[in-house]
Amino acid sequence: MATTKKKTTAAAKNAGAKLKNFATAPINKSLSKDEKIDLYRMIVGIRRFEERSLRAYNQGKIGGFLHLYIGQEAVAAGIVSLMEKDDHIITAYRDHGHALAVGMSMNECMAEMYGKHTGCSKGKGGSMHFFAPDKNYWGGHGIVAGQTPLGAGLAFALKYKGSKGCAMAFLGDGAVNQGSFMETLNLASLWNIPVVFVIENNGYSMGTSLKRSSAEENLAHRADGFDMEWEVCNGHDVFEVREVANRAMIRAREEHKPFLLEIRTYRYRGHSVADANHEKYRTKEEIEEYKRTKDPVNVVKQHLLSDGTLTEELAKKIDQEKKDEAEASAKFADESPVAPRSEIQTDVYWEVDNDSEGELKGTYFFND
Amino acid sequence: MPLITYREAIKQALDEEIQRDENVCIMGEEVAQYNGAYKVTEGLWAKYGDKRLIDTPISEAAFSGLAIGASMLGIRPVVEMMFMSFSYVAIDQLFNNGSFCRYMSGGLMNVPIVVRGPANGGTSVGATHSHTPENMVANHPGLKAVCPSNAYDAKGLMKAAIRDNDPVFVMENTLLYGEKWEVPDEEYIVELGVANILKEGTDLTIVSHGRCAMLSLQAAKTLEETHGISVEVVDLRSIRPLDEETILSSVRKTHRALLVEENKPFCGVDAQISHIIQLKAFDDLDAPIRRVSAIDAPNFYSKELEDWQLPNEERIIEGALKAIA
Ligand SMILES: Cc1ncc(C[n+]2csc(CCOP(=O)(O)OP(=O)(O)O)c2C)c(N)n1
Ligand SMILES: [Mg+2]
Numbered sequence: 000m001a002t003t004k005k006k007t008t009a010a011a012k013n014a015g016a017k018l019k020n021f022a023t024a025p026i027n028k029s030l031s032k033d034e035k036i037d038l039y040r041m042i043v044g045i046r047r048f049e050e051r052s053l054r055a056y057n058q059g060k061i062g063g064f065l066h067l068y069i070g071q072e073a074v075a076a077g078i079v080s081l082m083e084k085d086d087h088i089i090t091a092y093r094d095h096g097h098a099l100a101v102g103m104s105m106n107e108c109m110a111e112m113y114g115k116h117t118g119c120s121k122g123k124g125g126s127m128h129f130f131a132p133d134k135n136y137w138g139g140h141g142i143v144a145g146q147t148p149l150g151a152g153l154a155f156a157l158k159y160k161g162s163k164g165c166a167m168a169f170l171g172d173g174a175v176n177q178g179s180f181m182e183t184l185n186l187a188s189l190w191n192i193p194v195v196f197v198i199e200n201n202g203y204s205m206g207t208s209l210k211r212s213s214a215e216e217n218l219a220h221r222a223d224g225f226d227m228e229w230e231v232c233n234g235h236d237v238f239e240v241r242e243v244a245n246r247a248m249i250r251a252r253e254e255h256k257p258f259l260l261e262i263r264t265y266r267y268r269g270h271s272v273a274d275a276n277h278e279k280y281r282t283k284e285e286i287e288e289y290k291r292t293k294d295p296v297n298v299v300k301q302h303l304l305s306d307g308t309l310t311e312e313l314a315k316k317i318d319q320e321k322k323d324e325a326e327a328s329a330k331f332a333d334e335s336p337v338a339p340r341s342e343i344q345t346d347v348y349w350e351v352d353n354d355s356e357g358e359l360k361g362t363y364f365f366n367d
Numbered sequence: 000m001p002l003i004t005y006r007e008a009i010k011q012a013l014d015e016e017i018q019r020d021e022n023v024c025i026m027g028e029e030v031a032q033y034n035g036a037y038k039v040t041e042g043l044w045a046k047y048g049d050k051r052l053i054d055t056p057i058s059e060a061a062f063s064g065l066a067i068g069a070s071m072l073g074i075r076p077v078v079e080m081m082f083m084s085f086s087y088v089a090i091d092q093l094f095n096n097g098s099f100c101r102y103m104s105g106g107l108m109n110v111p112i113v114v115r116g117p118a119n120g121g122t123s124v125g126a127t128h129s130h131t132p133e134n135m136v137a138n139h140p141g142l143k144a145v146c147p148s149n150a151y152d153a154k155g156l157m158k159a160a161i162r163d164n165d166p167v168f169v170m171e172n173t174l175l176y177g178e179k180w181e182v183p184d185e186e187y188i189v190e191l192g193v194a195n196i197l198k199e200g201t202d203l204t205i206v207s208h209g210r211c212a213m214l215s216l217q218a219a220k221t222l223e224e225t226h227g228i229s230v231e232v233v234d235l236r237s238i239r240p241l242d243e244e245t246i247l248s249s250v251r252k253t254h255r256a257l258l259v260e261e262n263k264p265f266c267g268v269d270a271q272i273s274h275i276i277q278l279k280a281f282d283d284l285d286a287p288i289r290r291v292s293a294i295d296a297p298n299f300y301s302k303e304l305e306d307w308q309l310p311n312e313e314r315i316i317e318g319a320l321k322a323i324a
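Protein chains in written order, with numbering that gives the first Met the number 0: chain A, 0 to 367; chain B, 0 to 324.
Bound-form chain A, shown alone:
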């Protein structure tokens, strides 16, 4: 089998060397002005939504865990912007950015976190478990790496049915050390499944830095052990994400081959909002440096200002729109009702929910 392997992007290979301008790569050059603005709008939207949900969490409106995507926005926005009709996507619990990127509304997402009936899962899933199968978005999964075999399964189904799509399966840099993921890498390569695994390497799994969790810090290199193609790129520039991911996705669709993509990114906030200690396992300077030089919102904004797509006024306007939308979603969530108690035992079994004729036999639920 002839393969071309071990490509890293210029940016990842020669840190410090002159950055390639990914905005001029063909996949990005072909974007219309409106499409570029949409990318900006999405990245800003995710940022504003996350900021608003943080406030809601701090006000005690949101229960459980809240894993914010702030700092990583360009990854989900960039990759989802490349998805075609038959492409599917699945991710872990840091799932709000992907959800908004596929087109879920701020209202249904915020309401889900508030535990309301109007939430995307009627309040049954919460922050970590958003789903929108109608938008090819399969969650939202709380067990580290547990979603990776499911992602391979989506891709398996596409190939089985003769569809041309691919599946995008996201995971974190900590998740790579789960057995299920390594098993899945092998399976995907062995069976030539059109799945692209995207490691969102933000450098930390909770409070554990990459150095302290993975013996080989170049996570993408693991693909070699499975005869799988891989690439590494930066995640702060949406145009770089698009340029690199596009190749992986085309290859998956056209050749039915899996791909391991490692995207170097950064999260600004703690692991979850409950992680108040995140300045203990990393320095304030490290965070500030990333924000100053690589902020995904700022990077895309600079690109679009410099090529004349965007003006400061328009940027400001978009920003305000997204703030307002996020604010409105919090109001919507706040004013929405919680589900009635009768909802506790719906959505457990498909057959029960769809038994309109009352034909099912036997007891399904066991309460006194």
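Bear in mind the hints are in silico, worked out from the structure with no lab data behind them.
All of these numbers come straight from a predicted model, not from anything done at the bench.
Even for Gly, the Cβ is constructed at its ideal location relative to N, Cα and C.
Just to be clear, a hint being listed does not mean it is correct.
Computed Cβ-Cβ distance ranges for the label pairs, DEER-style [as the list claims (entries may be wrong)]:
id, chain 1, residue 1, chain 2, residue 2, range
1, B, 48, A, 343, 42 to 50 Å
2, B, 20, A, 57, 27 to 35 Å
3, A, 207, B, 264, 37 to 45 Å
4, B, 20, A, 357, 55 to 63 Å
5, B, 294, A, 220, 50 to 58 Å
6, A, 189, B, 320, 38 to 46 Å
7, B, 19, A, 25, 24 to 32 Å
8, B, 73, A, 344, 49 to 57 Å
9, A, 357, B, 73, 25 to 33 Å
10, B, 73, A, 315, 56 to 64 Å
11, A, 191, B, 1, 38 to 46 Å
12, B, 304, A, 214, 41 to 49 Å
13, A, 220, B, 123, 56 to 64 Å
14, A, 189, B, 20, 19 to 27 Å
Since chain A is already given, all that's left is putting chain B with the ligands on it; use the hints.
Leaving out everything else, chain B with the ligands in the frame of chain A:
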């Protein structure tokens, strides 16, 4: 009616369902080219090829999860566990993703998979290969569990499981694979949630499932012949959903109940059944409900000891006599 083995009955079910629905495929270790570790899938790969019979590496977590993901897009995988014991390395996939994805999405998806394989002790393979996890499966709302005790049920329940739109675990039994029963040539389905009265009786109800139901039937015959006790034997077939009505109406008739299963007693299936009987038929009971389960320890390797550890005719008769006393 032709007499066929339990193994053959399951194979017929798989064969017919593969033919009926192009989305049905079988995956697992050694299921295709090797013809199955227990030869349940023998000949199917030769007949249907690589697309429908898929040999997997020894990666239960990955292929279980893959099957679940594929089912979200409409594929209907039948996942063979070489032993149901091996599903334990895939518990996150099966018990989190399999059972809860539908719920956590507020009903936006369903997971039509079947997980099947032998779940029994009694074969001197030691504790690691002798699990009977139907109680654990039934403890996860969203999952279904069936335990066929004979070839007829095995075929009919398997076909129902494959057509079901929820995840169903089919617990088979290696000690039954070679046993024969009458199975009609015509197509049939055994619905989930319907128990089977293997034998009618008036003095005592035995509730059981899987191979233990067959042992209970044997014990019931002996009890009738040698002790003059008329025993009714209820074979649950399906653990979740559960046919409560058949259990309760039998107990209301006989006023005594003995529950027999291969599970360990603590939080076994029969713990729940006992609760249901006392809750809903308390006034009908003339004596405490009794249980015969596996003797409460990991499975013994040595045949003589394991044969005593698991319910057998002698222990069932002993339990019945206590229930009658
Ligand atoms: C199986 C499992 N173990 C532990 C956890 C707790 N946990 C949740 S997220 C996390 C860190 C994962 O880090 P990473 O994969 O890098 O993703 P990130 O949070 O950085 O997006 C841990 C330990 C879990 N959810 N599941
Ligand atoms: Mg991380």
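Hints and how they fare:
Restraint check, residue 48 of chain B to residue 343 of chain A: a C-beta distance of roughly 45 Å satisfies the suggested window 42 to 50 Å. Between residue 20 of chain B and residue 57 of chain A the CB atoms are about 51 Å apart, so this pair departs from the stated range of 27 to 35 Å. One distance hint, 37 to 45 Å for the beta-carbon pair residue 207 of chain A and residue 264 of chain B, holds here, with the actual separation near 42 Å. A beta carbon spacing of about 26 Å between residue 20 of chain B and residue 357 of chain A contradicts the range 55 to 63 Å that was offered as a hint.
About 51 Å separates the C-beta atoms of residue 294 of chain B and residue 220 of chain A, a value consistent with the hinted range of 50 to 58 Å. With their beta carbons about 57 Å apart, residue 189 of chain A and residue 320 of chain B fall outside the hinted range of 38 to 46 Å. Our hint of 24 to 32 Å for residue 19 of chain B and residue 25 of chain A is violated, since their Cβ atoms are close to 47 Å apart. Checked against the hint of 49 to 57 Å, the pair residue 73 of chain B and residue 344 of chain A fails, with Cβ atoms roughly 26 Å apart.
At about 26 Å, the CB distance of residue 357 of chain A to residue 73 of chain B agrees with the hint of 25 to 33 Å. Taking the beta carbon of each, residue 73 of chain B and residue 315 of chain A are about 46 Å apart, not inside 56 to 64 Å as hinted. With their beta carbons about 42 Å apart, residue 191 of chain A and residue 1 of chain B fall inside the hinted range of 38 to 46 Å. Checked against the given bound of 41 to 49 Å, the beta carbons of residue 304 of chain B and residue 214 of chain A, roughly 45 Å apart, stay inside it.
Checked against the hint of 56 to 64 Å, the C-beta distance between residue 220 of chain A and residue 123 of chain B comes to roughly 45 Å, which is inconsistent with it. Judged by the Cβ atoms, the range 19 to 27 Å given for residue 189 of chain A and residue 20 of chain B holds: they are separated by roughly 26 Å.
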